[in-house]
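Add chain B to chain A, keeping to what the hints say.
Protein chains: 2
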Amino acid sequence: MSNIIVQKYGGTSIASPKRISIVARRIVGYRRKGYDLVVVVSALGDTTDDLLKLAYKITPSPSERELDMLISTGEQTSVALLAMAIHKLGYEAISFTGAQVGIITDSSHTKARIIKINTARIKRELAQKRIVIVAGFQGVDLLREITTLGRGGSDLTAVALGKVLKAKSCEIYTDVEGVYTADPRIVPQARKLQSLSYDEMLEMASLGAQVLQTRCVELAKRFNIPIIVRSSFTDKGGTMISPEAKHMEKVVVSAVTLNKNETKVTIRDVPDKPGVAAKIFKKIAQEGINVDMIVQNISRTGTTDLSFTVVKENLAKTLKAARKASKQTGGGNVIADRAIARVSVVGVGMRSHSGIAAAMFEALAENKINIEMISTSEISISCVIRKKFAQRAVRAIHKKFKLEKKR
Amino acid sequence: MSNIIVQKYGGTSIASPKRISIVARRIVGYRRKGYDLVVVVSALGDTTDDLLKLAYKITPSPSERELDMLISTGEQTSVALLAMAIHKLGYEAISFTGAQVGIITDSSHTKARIIKINTARIKRELAQKRIVIVAGFQGVDLLREITTLGRGGSDLTAVALGKVLKAKSCEIYTDVEGVYTADPRIVPQARKLQSLSYDEMLEMASLGAQVLQTRCVELAKRFNIPIIVRSSFTDKGGTMISPEAKHMEKVVVSAVTLNKNETKVTIRDVPDKPGVAAKIFKKIAQEGINVDMIVQNISRTGTTDLSFTVVKENLAKTLKAARKASKQTGGGNVIADRAIARVSVVGVGMRSHSGIAAAMFEALAENKINIEMISTSEISISCVIRKKFAQRAVRAIHKKFKLEKKR
Chain A
1 MSNIIVQKYG
11 GTSIASPKRI
21 SIVARRIVGY
31 RRKGYDLVVV
41 VSALGDTTDD
51 LLKLAYKITP
61 SPSERELDML
71 ISTGEQTSVA
81 LLAMAIHKLG
91 YEAISFTGAQ
101 VGIITDSSHT
111 KARIIKINTA
121 RIKRELAQKR
131 IVIVAGFQGV
141 DLLREITTLG
151 RGGSDLTAVA
161 LGKVLKAKSC
171 EIYTDVEGVY
181 TADPRIVPQA
191 RKLQSLSYDE
201 MLEMASLGAQ
211 VLQTRCVELA
221 KRFNIPIIVR
231 SSFTDKGGTM
241 ISPEAKHMEK
251 VVVSAVTLNK
261 NETKVTIRDV
271 PDKPGVAAKI
281 FKKIAQEGIN
291 VDMIVQNISR
301 TGTTDLSFTV
311 VKENLAKTLK
321 AARKASKQTG
331 GGNVIADRAI
341 ARVSVVGVGM
351 RSHSGIAAAM
361 FEALAENKIN
371 IEMISTSEIS
381 ISCVIRKKFA
391 QRAVRAIHKK
401 FKLEKKR
Chain B
1 MSNIIVQKYG
11 GTSIASPKRI
21 SIVARRIVGY
31 RRKGYDLVVV
41 VSALGDTTDD
51 LLKLAYKITP
61 SPSERELDML
71 ISTGEQTSVA
81 LLAMAIHKLG
91 YEAISFTGAQ
101 VGIITDSSHT
111 KARIIKINTA
121 RIKRELAQKR
131 IVIVAGFQGV
141 DLLREITTLG
151 RGGSDLTAVA
161 LGKVLKAKSC
171 EIYTDVEGVY
181 TADPRIVPQA
191 RKLQSLSYDE
201 MLEMASLGAQ
211 VLQTRCVELA
221 KRFNIPIIVR
231 SSFTDKGGTM
241 ISPEAKHMEK
251 VVVSAVTLNK
261 NETKVTIRDV
271 PDKPGVAAKI
281 FKKIAQEGIN
291 VDMIVQNISR
301 TGTTDLSFTV
311 VKENLAKTLK
321 AARKASKQTG
331 GGNVIADRAI
341 ARVSVVGVGM
351 RSHSGIAAAM
361 FEALAENKIN
371 IEMISTSEIS
381 ISCVIRKKFA
391 QRAVRAIHKK
401 FKLEKKR
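In order, the protein sequence lines correspond to chains A and B.
Read in the working numbering, the first sequence has 42 at position 42, and its numbers run on one by one without any break.
Read in the working numbering, the second sequence has 105 at position 105, and its numbers run on one by one without any break.
The following block holds chain A by itself, in its conformation from the complex (with noise of 0.2 Å):
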């Protein structure tokens, strides 16, 4: 293992020049133990959404390319000045694009994915004792064309970089101490978790915690890197994401997570007859549209209702292709519900503990919140319930988990 830390700050930990300024103090700190460092950066605050709203005043439509080409700036603006602030401090810095560090990407303008990184460059400067600092979200295509890496793209850089520069570890700073037991917004008493496991982190990913995206989690798993999710404004320990979370024997539920941004679609009188649900669901992926809990009721005169949860971004490209999918089969009317939410609980321990669902029906039928689709895994059991019970749902599920308490 080397002696590189690579470490990701977001946009929230460099929003302002003081920000930056203390970011950079952190930077040293590291450095003056001996570390070698490379440090990834977000843009700047709201730099990114600031820079789509101008293409969008422009053009409904803008071409991805030139997407890239517009939000790869702000990367490029943050690595310049982190290395300004780094210089400030009387060390040694120097930034770089995605280009010019040999990120290469696919050509999927706006989702792109990492296919290899040259780390020729990076060496030499880590070996005369520079602190590396690399624009995060971006990268080169074959042509030398900019993309980015989509939603989540820094996490993506770091995890990618410590990946082939073999990093003992990698720190991914943020606005909040690291992964909680719930929102603390929602539950004052959510608890901060030392480690959890990337399983649960993907659960609790992929079920509305925000912390860090998908696709970073996933990498980290594959190559068996461990994350620690911290705070930039702390010097708090923060939570480690690694294979397998130490408290694994004790502990059943780790989490309680909230997702607010789905909306239920329901098809009503489906025929009810192998294939149908088959016939719909083709149709709606064939528009590229990622379909969540499906739920079909037991059928009663022949025909059925499907009901399933979409991402609200996706609600009018899905209503148009599930109405076309009706027609074709037979079904009846399409209908949207968008005042739903969905809570979930996620534990590793789960998988050999039972009565965990029981457990959470019972929180929320304490609290007469009815349930009106129910969706388990392997490691997660979700709830839609009412978007207005929302809140009192996860608190109702934390408390009887008793997750406030340290284990």
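For identical chains, the list gives no copy identity; a pair is met inside one copy or between any two copies.
Taking lysine-lysine and the DSSO-like style, the derived pairs with C-alpha atoms no more than 27 Å apart in a straight line are:
#, residue 1, residue 2
1, K221, K168
2, K18, K53
3, K88, K317
4, K317, K260
5, K320, K88
6, K327, K273
It is worth saying that the hints were derived from the structure and are not from the lab.
Same frame as chain A, but now just chain B:
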């Protein structure tokens, strides 16, 4: 000659999404006429200044490499947005950074010089009937480090592209309609010049006219590329700058310029013997300071006063160097006078006409404006006067030479 027109749009021409759309329409208009278009753009509005401010908030002395990394994002933003605006009009366009298009420079960060331009990519895109949008002001050195070309660098990019692509013409779009006989904000009667020689434009630029940078005109002159300066807000003809202006035989004085960005420095009681002035100005040159007008008074007592002008930005450095030089050569005090202005008349016709200086001095005398320093060149005469009389002087001279009258 090719069918290529190079157009360059400055920051004010594209300061808002609306203005970008207007520029896009203008470009498409040329495309419809059958031209191949290569468009160079600056950073939007005040972007570069805003980025510099950000840098100086972080450190008073940012590294020049990192400054280039930072400010080059401005032009990259512009090219992407302009390409999108052209797409919206239904035309094909593709944007490039300096690096992508192969603008290779030396490694002098913040003031790099273009070494060569690889035209392969541009030509390939033009062959596919795409409008090519190139980020002005920036390039890369041979190590792929991002460089910038210094003030007015985008004009330079345009002229250099005009040269390597053997363009039909090179149009510099700005917020004024062309080159005027004087600054219209000072002289409302000022007239737009139809044409101007490279030499006149060079002289005007060095004497304070801010329409074009000296380096860009020098390059155009060296490679004999006609430049048209015109407004992106109107369809009016602009000013053509070419080897020899057509009016040459008739016109004596083309324009009056004003420069308020200089300070007069005087070294008192300098020994009046050979080699002293040489020593002093060598000392100042060693600091990288360009001295402008130099005047030495007639010696009376074996010593003389030596006055010269420098741009304000260099005053502190100049005073330091001048004091040292004065000490070493037995000179006296060094005094700075910031309250000066320099008015000049420019015109190639001057070469073969007498009486121009006399008429200029007369105009100043009629307005009771004292002349403090005089300097002449082949195609210009400059007078240093009190700054408070600057505008009055420009108006008086403009009137004296009847520059408002069309020739």
